[in-house]
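Please put together the full structure from these sequences, using the hints given.
From first to last, the protein sequence lines stand for chains H and P.
According to the numbering used here, the residues represented by the first sequence are 1 to 557, in order.
According to the numbering used here, the residues represented by the second sequence are 1 to 148, in order.
Hints were generated in silico from the structure; no laboratory data involved.
We put the beta carbon where it would ideally sit given N, CA and C, even for glycine.
Incorrect hints may have been included.
[To be verified] Negatives, chain H to chain P, calculated, CB over 12 Å: (1) Leu243; (2) Leu260; (3) His519.
[Claimed, not checked] Calculated lysine to any residue pairs in the SDA-like style (CA-CA distance at most 25 Å, straight line): (4) P:Lys4 <-> P:Met92; (5) P:Lys5 <-> H:Leu260; (6) P:Lys4 <-> H:Asp516; (7) P:Lys22 <-> H:Tyr526; (8) P:Lys69 <-> H:Gln475; (9) P:Lys54 <-> H:Ser531; (10) H:Lys265 <-> P:Lys21; (11) P:Lys21 <-> H:Glu527; (12) H:Lys540 <-> P:Lys54; (13) P:Lys122 <-> P:Ala137; (14) P:Lys54 <-> H:Leu260; (15) P:Lys69 <-> H:Asn541; (16) P:Lys21 <-> H:Ser531; (17) P:Lys4 <-> H:Leu260; (18) P:Lys95 <-> H:Arg522; (19) P:Lys17 <-> P:Ala137; (20) H:Lys540 <-> P:Arg51.
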Amino acid sequence: MNPSAHAAETATVIAQTVQQTASANSHTELMTLLVLQLAFIIICARLGGFLFQRFLKLPSVLGELVAGMIIGPYALGAKLPLPGIGPLFATQTIGLPVSSELYAIATIASIILLFLSGLATDLRVFMRYSVIGFLVGLGGLLVSFVLGDFCAIWFGMAPSFMDPAALFLGTISTATSVGITARILTEKHKMSSPEGVTILAGAVIDDVLGIIVLAVVVGMTKVIHAGGTMNWGHVGIVALKALGFWIICTALGLLLARQLTGVLKRFGSPEVIVSISLGLALMLAGVSEMAGLAMIIGAYIMGLSLSRTDVVQELQNSLQGVYDMFVPVFFCVMGMMVDFSAMRKALLFGLVYSLLAIFAKIAGCGIPAYLTKFNFRGALRIGLGMLPRGEVALIVAGIGLSTQCIGQDLFGVAILMTMITTLMAPPLLVKSFHGPAGLRHSVPEAEEKEEVFSVEFASPDIADFLMQRLVRAFQHEEFFVNRLQMEAESYQVRKDDISFTLSREGGQIHVSVPPDQQHIARFMIYEELLSLSDLLEASKNMKSLNAMGSELIGNLF
Amino acid sequence: MNLKKLLMKDSILPELKADTKKGVIEEMVSGMAFAGKLTGKTAAIQAVLAREEKMSTGMQNGIAIPHGKTNAVDQLVVAVGIHPGGVDFDSMDGKPAHIFIMTLSPENRAGPHIQFLAEISKVLSRPGLRERLLSAANADEILNLLTT
Chain H
1 MNPSAHAAET ATVIAQTVQQ TASANSHTEL MTLLVLQLAF IIICARLGGF LFQRFLKLPS
61 VLGELVAGMI IGPYALGAKL PLPGIGPLFA TQTIGLPVSS ELYAIATIAS IILLFLSGLA
121 TDLRVFMRYS VIGFLVGLGG LLVSFVLGDF CAIWFGMAPS FMDPAALFLG TISTATSVGI
181 TARILTEKHK MSSPEGVTIL AGAVIDDVLG IIVLAVVVGM TKVIHAGGTM NWGHVGIVAL
241 KALGFWIICT ALGLLLARQL TGVLKRFGSP EVIVSISLGL ALMLAGVSEM AGLAMIIGAY
301 IMGLSLSRTD VVQELQNSLQ GVYDMFVPVF FCVMGMMVDF SAMRKALLFG LVYSLLAIFA
361 KIAGCGIPAY LTKFNFRGAL RIGLGMLPRG EVALIVAGIG LSTQCIGQDL FGVAILMTMI
421 TTLMAPPLLV KSFHGPAGLR HSVPEAEEKE EVFSVEFASP DIADFLMQRL VRAFQHEEFF
481 VNRLQMEAES YQVRKDDISF TLSREGGQIH VSVPPDQQHI ARFMIYEELL SLSDLLEASK
541 NMKSLNAMGS ELIGNLF
Chain P
1 MNLKKLLMKD SILPELKADT KKGVIEEMVS GMAFAGKLTG KTAAIQAVLA REEKMSTGMQ
61 NGIAIPHGKT NAVDQLVVAV GIHPGGVDFD SMDGKPAHIF IMTLSPENRA GPHIQFLAEI
121 SKVLSRPGLR ERLLSAANAD EILNLLTT
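If you want it as structure tokens, here you go:
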């Protein structure tokens, strides 16, 4: 090799090395910034949620959103300098107000959130109250969508009903977040009231239809962004595609979920089941996006499919920690994306949009309830119960912002509406439940399918001991046993179609079980009683307590 | 639970000969051993008898479900026996037992063992089934009655 060629090669190698080192340095810098941002977000979101819940008695999600607004790039974030790096949350010049890395974490959080929402969907309640639930859910959805969309046109935010911005504002207004209502109804012991179950069934329909509407809207906006125009023929095709994807995936999911979990259970490890299930949720989320729909649709379908299997409680319990860590980050990042100056311009629009969102649910859900079996009071309770918008509205708004279908101003409006409806629902709902029944005529209580039998023991300690042995015995029989978040020590026992509850109160163990599943519950308790008597018999053969005591403690002094 | 997977024709004894509790248990365990499902007959008999000593598995309406845990089996093994004349099995209702469902399960292995007993008991509580089992002519008919 001649000297000049050698020199040129050396120079190339040096240039590549310098470039790689610079790239590695910039990666390290990027990751350092991301880690610091995440640290700040996790701490502030958690503290915000805690302060709102503890001192203002408001849902923690509001605290997380407000924390995001305070630390975001449009407020303190831009003014917090990091030595050698720059502002903690610098305003991004292109695209979203937060970095792609941070938005990616929020997207994963939204997938986890919707996967868990799907898992928590009670299809049995929905089936039992499907007719009235369908009417309530559909009424609320239609009125919310139409009013939300028209509101954008009235205020000149969008030129026509089919404009992506108008469609997004309609969609943002539809999705009820029933979590807050469910918490209030549980606290007031009204969850199993006719209004309570109607709200829950309505919320399932609302979720399902809302996700389908989102699928259609995302599909339509993608066509528009690709330079196409939307006429009703195109809308029909997009709607059919979205519905087709939804129906095929949900039907396949519900049909194959048992077989899938059956295969997963062969690993004999709950960790494997949970990890693979979450992996599949992420996979279906990706497939959903590839099919031209939103990622949360796939995640929700995966959750819904697994909601009727015996591993659902295991998944919920195991993913609770991931949820607790990620979901506040999602709400906080959504809060960070609020640009106050852009929002100020649309403040009047935001207030009217929020008022219409409130009216839409009260009228849209209340009227079908009134026309079926509820009186005015009952219909109002149902309308108020369906009022809070939450995570889905924010996710849809985030999708709208990231696809540039809505601007900073309308994103701020969506956050404002979410906050107002979430703030207003709890006090109004609590107040509405004071007073007489909400049914127009006294309707006989829904047939209670479960029977309760109890076994009494000589002391709470013995009952507690037997309860622990029962839990182990059921696990040994390959049942999934999960502790429920209730005051009394309660467990849900599930395997395939079998599902019942064990609970202990003092010296009594109660079993709440459908009549056709009593055999297994009674046999297990019977066998455990026998092993308990064995144990008591064996304890008589132990060395004297004095001898054991002196062996254990005798040499300590 | 799929009972068809666990109930096998070669472990169905349509006409038990023994006329004592211990005799029925021995005869059924022998039937399992003859079908090649056990590694130690004596250990299996002892396991079932030990369980019976704690509390009889003679239930009501002529049904008994003797069972035990033993390492003479490496998975759940089931035998069904019918004794048309009935045997005193210290049943809860004091009546003789006619229909016997015996299960043996490994000592320290997890599995749906009690669940099987519960499921088969549920099947046996169907009205009219007990009478049809008692008048069944052969193992095929018994298997058919229990699994359809």
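Okay, the hints, checked on the actual structure:
1. Leu243: For Leu243 (chain H), whose nearest Cβ neighbour in chain P is about 36 Å away, the distance exceeds 12 Å, so it holds.
2. Leu260: holds (18 Å)
3. His519: Violated, because the least Cβ-Cβ distance between His519 (chain H) and chain P comes to about 4 Å, which does not exceed 12 Å.
4. P:Lys4 <-> P:Met92: violated (29 Å)
5. P:Lys5 <-> H:Leu260: holds (20 Å)
6. P:Lys4 <-> H:Asp516: holds (20 Å)
7. P:Lys22 <-> H:Tyr526: holds (22 Å)
8. P:Lys69 <-> H:Gln475: holds (17 Å)
9. P:Lys54 <-> H:Ser531: Distance of about 9 Å is within 25 Å: holds.
10. H:Lys265 <-> P:Lys21: violated (39 Å)
11. P:Lys21 <-> H:Glu527: Measuring from Cα to Cα gives roughly 20 Å; hence the hint holds.
12. H:Lys540 <-> P:Lys54: Status holds; Cα separation ~16 Å.
13. P:Lys122 <-> P:Ala137: holds (23 Å)
14. P:Lys54 <-> H:Leu260: Given pair Lys54 (chain P), Leu260 (chain H) is violated - Cα atoms ~41 Å apart, limit 25 Å.
15. P:Lys69 <-> H:Asn541: holds (23 Å)
16. P:Lys21 <-> H:Ser531: The hint holds at about 22 Å.
17. P:Lys4 <-> H:Leu260: The hint holds at about 22 Å.
18. P:Lys95 <-> H:Arg522: Given pair Lys95 (chain P), Arg522 (chain H) holds - Cα atoms ~22 Å apart, limit 25 Å.
19. P:Lys17 <-> P:Ala137: holds (15 Å)
20. H:Lys540 <-> P:Arg51: At roughly 20 Å apart (the allowed maximum being 25 Å), Arg51 (chain P) and Lys540 (chain H) satisfy the hint.
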